[in-house]
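Since the structure of chain A is already known, use the hints to place chain B on it.
2 protein chains.
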Amino acid sequence: MSQESTDRTEGDLRNTGMALKHDRTWDYEIERILQAVSERNASTVGLQFPEGLKRRGPRVADDLRAELPDGVRVLISGQPCYGACDLDTEMMRRTDVFVHFGHSPMKESEKIIYVPLFSNVEVTPIMEKSLAELKPPEEEPAVGLVTTAQHMNKFDEMRAWLEERGYEVHVRRGDERLTHEGQVLGCNYASADVDADQVLYVGGGKFHPLGLAMEHPDKTVIIADPVNNVVTIADTEQFMKQRYATVHKAMDAEEWGVIYCTKIGQGRWEIAEEIVENNDSAYLLTMDEVTPDRLTNFGLDAYVNTGCPRITTDDGPQFKQPMVTPQEYRIAIGEEPLEDLAFDTFHGTW
Amino acid sequence: MSQESTDRTEGDLRNTGMALKHDRTWDYEIERILQAVSERNASTVGLQFPEGLKRRGPRVADDLRAELPDGVRVLISGQPCYGACDLDTEMMRRTDVFVHFGHSPMKESEKIIYVPLFSNVEVTPIMEKSLAELKPPEEEPAVGLVTTAQHMNKFDEMRAWLEERGYEVHVRRGDERLTHEGQVLGCNYASADVDADQVLYVGGGKFHPLGLAMEHPDKTVIIADPVNNVVTIADTEQFMKQRYATVHKAMDAEEWGVIYCTKIGQGRWEIAEEIVENNDSAYLLTMDEVTPDRLTNFGLDAYVNTGCPRITTDDGPQFKQPMVTPQEYRIAIGEEPLEDLAFDTFHGTW
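Protein chains in written order, with this note's numbering: chain A, 1 to 350; chain B, 1 to 350.
Among the hints, a few may not be true.
Remember, identical chains collapse to one label, so a pair may be satisfied in a single copy or spanning two.
Claimed, not checked - Derived SDA-like pairs: lysine to any residue, alpha-carbon spacing no greater than 25 Å straight-line: (1) K241 - K320; (2) K249 - R59; (3) K111 - M92; (4) K320 - P80.
By construction, these hints were calculated from the structure, which means they are not laboratory data.
Just chain A, same shape as in the assembly (with noise of 0.2 Å):
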């Protein structure tokens, strides 16, 4: 890694995140689940892997097979997965021993084994190359630092890294949603709200930091993205025109679906019976995945999604009829003004 990374150009994916994902060992903590299988005298173990770890799921299955006495089942979870948020909880009863991968406990419990996975990208050539788009130290000292789970292992020297050019490095906890300092979430950025204009998001994708900037519209989201070898700046204007369209075509609706997700993460029951409690023209709707045509078969004008915020704003655009967020709906029938359209963010747990 080193310089090298810093080298190639975005699209390149030699020895990033990407190729390191399929490349690397990661480390399952077998021995940890092996462990709670036999504290419990389990006879069945339930696995859940994120989307894109799924196919590493019939290798750990191997793992475990091998060490665990005869007649103890192991079962994948065949569910998406889009975060903790998002536990196969069918598969929770039905397993003694329940393992859920890749993400940080959002509320920790006896019941589930987090298992983190870190990522063993290199963070500093990145970062090196963000200083281009940083105000320098000397005139603007401040600078928040946040980042995802997978990288969470890093933070230390990130922020060390940070301050030895002379920042001022400021960090927070967010919320009860997050386990760690300096974490952000799809649809949580509680970690940035720090005393500083300036914020560096080290991670994936755009994915995260374009929520950041949306949820902190007054700071600069400096993207350092050590997966795909690139620096910018998070530009929200494009994702805000998308969302005055589509607040604008709901406007015309008459009916109303108003989506109450039944992921164990993802509910907000006050906020759902609060419409239709006040709109006879708006119908509950509960599922767990969000998708068009499950939305499409009730054939209603537009539909609240109370669930994940990032469906809404992310996978909008493919849905056939307009789908807002609790607060784009107060704005479309008149409750609050156009201007006030902010990013939907989820707190708490469940």
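Relative to the frame of chain A, chain B by itself:
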């Protein structure tokens, strides 16, 4: 209806079931639901509709809300639903009264109110037309008679009509998975186990009669479809070719995913467990909906679906990897001869 419907061609849906479905007033048994709410002092009512009737959901909710006490919440399930095997158990747990529309009970339970929704399409015009395909009673008096849940209200009329024309009508109730005499499901044709070489299927589509013909290859299955206004003979040749091709592809598989379906009426745990017990390269995957994306993520070579057989046989070609039934799996690994290949039927309830 009457003669008019027999003059139309296939695909002409005027006044057929498809048109009627959208024009008609069904009996949603609102009174029975209201009574259950009152008796149980319920604060939540859950409604589940099959896919084709989901857009009626908001109207049924309107009718209920007009009569329900203030503060009673009506929830509509957004989960896909393809049969009484496919109850929204999450909704059942969350609601005080749970109503399942459009299917006959697979298993009675105090928790569930089943509301059958019967088609109002006339059946005798298409039966008249089916006489051209049935052997005449003087040549072959015995005829089996089967239909689906939605035409069950006309079953006595169908039987009487055939008897008036000199046929000996053979009917039976299938096994415990079936509520009514003469009823078939997409996965169960035990009601056609009758002493007759010709079986008349009265009902919409080719989905059911194709399964019926596969399950009873010794019988001629005449399809009298009052919904699409067409009479045909069930032809399993194309279907069988597709199954042979899939099994052949699966013969090359080194690693297998074994799907255990978590839908209440689609679980066959013993079958799934037996496969993984005896094959170290087979992995137990649990899920509710079985979709191409969910399987492809695991990167295995082939899949055995122990859940709904119709997903395997009817949707199978949409899957990127071969997906087979449990018996087809045994053929693919050499435990059974290819010529024994039979339709996968589903018995029992839960």
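Failing hints, ascending?
-> none
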